[in-house]
Structures are given as C-alpha cells and as structure tokens.
Amino acid sequence: MKPEREMQFFEDRMRFGIFMGPYHKPGLNPLVSFQQDMQTIINLDELGFDEAWIGEHHSGGIETIGSPELFIAAAAERTKRIKLGTGAITLPYHNPLWVADRIVQLDYQTRGRMMFGVAPGQLVQDAQMMGLHPSQNRQRLQEALEVIIPLFKGERVTRKTDWFDLQDARLQMLPYSNFDMATVSVLSPSGPLLAGRHGMGMLSVAATDPDGIEKLLGHWEIMEQEAASHGQPKPSRRDWRLMGPMHLAETMEQAKEDVRYGLSLLEDYRAHINPAPDIDWWDIDKIVDMLNESGAAVIGTPDMARAQINRLIEKSGGFGTYLLMGVDWARYPATIRSHQLFAEEVMPYFNGLGDPLRKSFDEVMATGYAGAQLTAEAQASMLEKYKRGSV
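For the sequence shown, the numbering used here begins at -5 and goes up steadily by one.
Read the hints as simulated data drawn from the structure, not as lab findings.
The reader is advised that the hints may include incorrect statements.
Claimed, not checked - Here are the computed lysine-lysine pairs in the DSSO-like style, where the Cα-Cα straight-line distance is at most 30 Å:
| id | residue 1 | residue 2 |
| --- | --- | --- |
| 1 | K250 | K309 |
| 2 | K250 | K19 |
| 3 | K19 | K280 |
| 4 | K309 | K280 |
Said to hold, decoys possible - Ranges between beta-carbon positions, derived for each pair:
| id | residue 1 | residue 2 | range |
| --- | --- | --- | --- |
| 5 | K228 | D297 | 53 to 61 Å |
| 6 | P350 | A374 | 32 to 40 Å |
| 7 | R75 | V385 | 48 to 56 Å |
| 8 | Q373 | E287 | 52 to 60 Å |
| 9 | G348 | Q161 | 50 to 58 Å |
| 10 | E287 | K353 | 31 to 39 Å |
| 11 | I273 | S53 | 48 to 56 Å |
| 12 | N89 | S171 | 19 to 27 Å |
| 13 | Q119 | M167 | 33 to 41 Å |
| 14 | S182 | N89 | 24 to 32 Å |
| 15 | D283 | Q161 | 55 to 63 Å |
| 16 | D349 | P20 | 43 to 51 Å |
| 17 | G362 | S171 | 51 to 59 Å |
All values derive from a computational prediction rather than experimental measurement.
Ideal placement from N, C-alpha and C gives every residue a C-beta, glycine not left out.
Sequences are here, hints too, so could you generate the full structure?
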C-alpha cells in the first residue's frame, strides 16, 4: 500500500486527457481514421495521460464515431490504465433505460475505467433526422438524467414523457464502480445547472473561447448554487474539466507549418455548427496569430502551452483536468509529436512528477565539481594501491 502522503500527492495532482469529437478532414479513409483514433488513445495511455473522452455524432462527415460505447469497449482491450469517457452520449436520442444498461455493462467490461459524459447534442442535422427540433434537446437531457441516475442507484423507475414510457424499470446489474459522471458545458448556463442539480462533474469545452473563459467563474458559481439548492454535495473542482485546442512543435514556425494541413477547413466547419467570428479561416498566418493572441488556442511551443494552462487556472480559480481537443489540424505524425511534447514538457510542470528529479539534479549541481573531484581522488587511490600490489 502507498504511504498516505504519497497517495495524497497522486490524488491532488492535475490530470490531463483528450476530448475527441473526433474532428477529421473530410475525405479521409474511415478505416484510417478509426485506426488513428484508436492508436491515439493507445499512445496517450503509454505517455501517461489520465483520460480520454469520445464523442457521439451522426452527420457532417467530420466527427465519425457514432457510438462512443463501442469505441471505448475496443479501446479498453488495447490500453492499460487510461480512463475512457463518453464525451458525450447525446441522451435525447436514446431511451434512457437502455443508456443506463449499456453504461453499466461498459463499467464492468472496462473494470471501472469508464466515465459517463452526457450532452444535449451539437449537430442540428442529427436532431432533424430524428424529427426533433434542437430546442427540445435540453429538456430531454434533463428528463433522461432524472431517470438514469436513480437507475444507477438501484431504484425502480416509473416515468412517462412524450418520448419514453418506463414501467417499473430497473437495471439487472448495478454499477461495478463509482464512475465519474459529467455534463458538457459550452457558453449557456444549462451545463452547470444540470451538473449542480445532479451532483455531476462539468466538461467545459469552450474554456479557451474568448467569451467562454470569462464565463468560467460564473458557471462554477451556478453549479455550486444548484448543488446546494438540490441537496447535492458541494462540487469539487477536481471534477471540473477544461478543454482547449493545442498543437505543439519544437518551434512556433514548425507548429504553424504543421497546421496548414487542416486547421482552415476544420475551423470553417466548426464555424458552421457553433457561433464563431466572421473571419476568413483560410488566411492561415492571420488565423494562427488571432488564435494565439486571443487565447482561443495554442499553436506553438510547450512554453506557450504552460502559459495557457496557468491563465486558465487564474481565470477559473482552479480545476482538476485539462483536456486537449482531438482534431486533425496537422497530419497524424505531427499530432502524435505534439502529444509527446505535451507529455514531456507540460504535464510534469503541473502535476509535480518532475519536481523530485529537478530537486535532485539541482542538489548535485549546487556542489560544483566536488563530486567529480572526490571520484577522481578515489580512482587515483585505487590505482596507487594496485601499483603497490595491495589490492
């Protein structure tokens, strides 16, 4: 068993992960995109990332995973320790009883490495194909959670709405673990309202947006107020996850060159599904400068990434996990290198894992060359003994 002090260190440290839509350039062979997504999770597991959240989308040709549960089940068999979350299941599109049943199964299959994230839905076409108006989604999300959370607790549920009818519904298996649950939050207060009301964590996916970053403190206050008014435990900032896009390279120039591959097309696409500035996304030099200067993203070096996370800590008052955005701004090898640089030079700065090594190094360097001198003297002494035949 780990000593209590060591256990507390690992509990308190900042965690890191990825929030994967995923965003792929259109026209990419889907066989390749699925393989790259899976390999990304494997790589992050090996690099020491803590978690990965996988999205659900059904239109647009960019975000190609329709069932995060299927992807997570496969990823769990190929990884060792990284936690895997639905980021997020679009609850308005599913019967809540079957969602709860699938999540409990996934909890068992992953041996407790599963996380449950929910959202109202991002793509208008997804809703329209089901005959829904997007304005219905947030109400449906609330109604689904009011069923799913009691089911997780082993309760029997009878509930009829205009889109599901449950009669004495119950789960045949209870959860394997006390898994994390989180709601996606963008710019409106609906995310923090739901998170506080149901005692869930929060996934702030617009944390680095120039408007979103200014709403962070307000969203946390809403979450705390809702939790208090609904008898939920006081929210822990450890359960707050902030997402922001980053692409890192050894130099700023290399990072900018890397993102010429896909940034313009993918950000233009995102501007078609989320409110965005009316700008020319195809002027890559201007766009990179704008994203960096506004803080909306980091395209540059690990130093810039550290500064961004420090800025988020200051603006939010503190959070538990920083999530990269899974997006094909750069070709796959450059994206993997970006993840490596983040793991090598950013994560240890915040989670403290490199501090003991640095302290030990500094202690040695502070002695000057005394250690080398002592070693030289010991070597000379041994040589002299050898010459005298006294070894």
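Structure-based check of all given hints:
1. Of the pairs offered as hints, the one joining K250 and K309 holds, with about 27 Å between alpha carbons and a cut-off of 30 Å not exceeded.
2. This hinted pair checks out: K250 and K19 have alpha carbons roughly 18 Å apart, not beyond 30 Å.
3. Restraint check for K19 and K280: the C-alpha separation of about 21 Å stays at or below 30 Å, so the hint holds.
4. For the proposed pair K309 and K280, the alpha carbon gap of about 26 Å is at most 30 Å, so the pair holds.
5. Range check, K228 to D297: about 36 Å between beta-carbon atoms, so the 53 to 61 Å window is missed.
6. Distance hint check: the CB atoms of P350 and A374 are about 33 Å apart, consistent with the given range 32 to 40 Å.
7. Restraint check, R75 to V385: a C-beta distance of roughly 50 Å satisfies the suggested window 48 to 56 Å.
8. Against the hinted window of 52 to 60 Å, the Cβ-Cβ separation of Q373 and E287 comes to about 57 Å, which satisfies the hint.
9. Evaluation of the 50 to 58 Å hint for G348 and Q161 yields a pass: the beta carbon distance comes to about 56 Å.
10. Taking the beta carbon of each, E287 and K353 are about 36 Å apart, inside 31 to 39 Å as hinted.
11. For I273 and S53, the Cβ-Cβ distance of about 25 Å falls outside the hinted range of 48 to 56 Å, so the restraint is violated.
12. Roughly 23 Å separates the CB atoms of N89 and S171, a value that falls within the hinted 19 to 27 Å.
13. Between Q119 and M167 the CB atoms are about 35 Å apart, so this pair conforms to the stated range of 33 to 41 Å.
14. Remark: the range hint 24 to 32 Å for S182 to N89 is upheld by a beta-carbon distance near 26 Å.
15. For D283 and Q161, the Cβ-Cβ distance of about 59 Å falls inside the hinted range of 55 to 63 Å, so the restraint holds.
16. Look at D349 against P20: about 44 Å separates their beta carbons, and that is inside 43 to 51 Å.
17. A hinted range of 51 to 59 Å for the beta carbons of G362 and S171 is consistent with their spacing of about 52 Å.
The structure fails hints 5, 11 (numbered hints given earlier, in ascending order).
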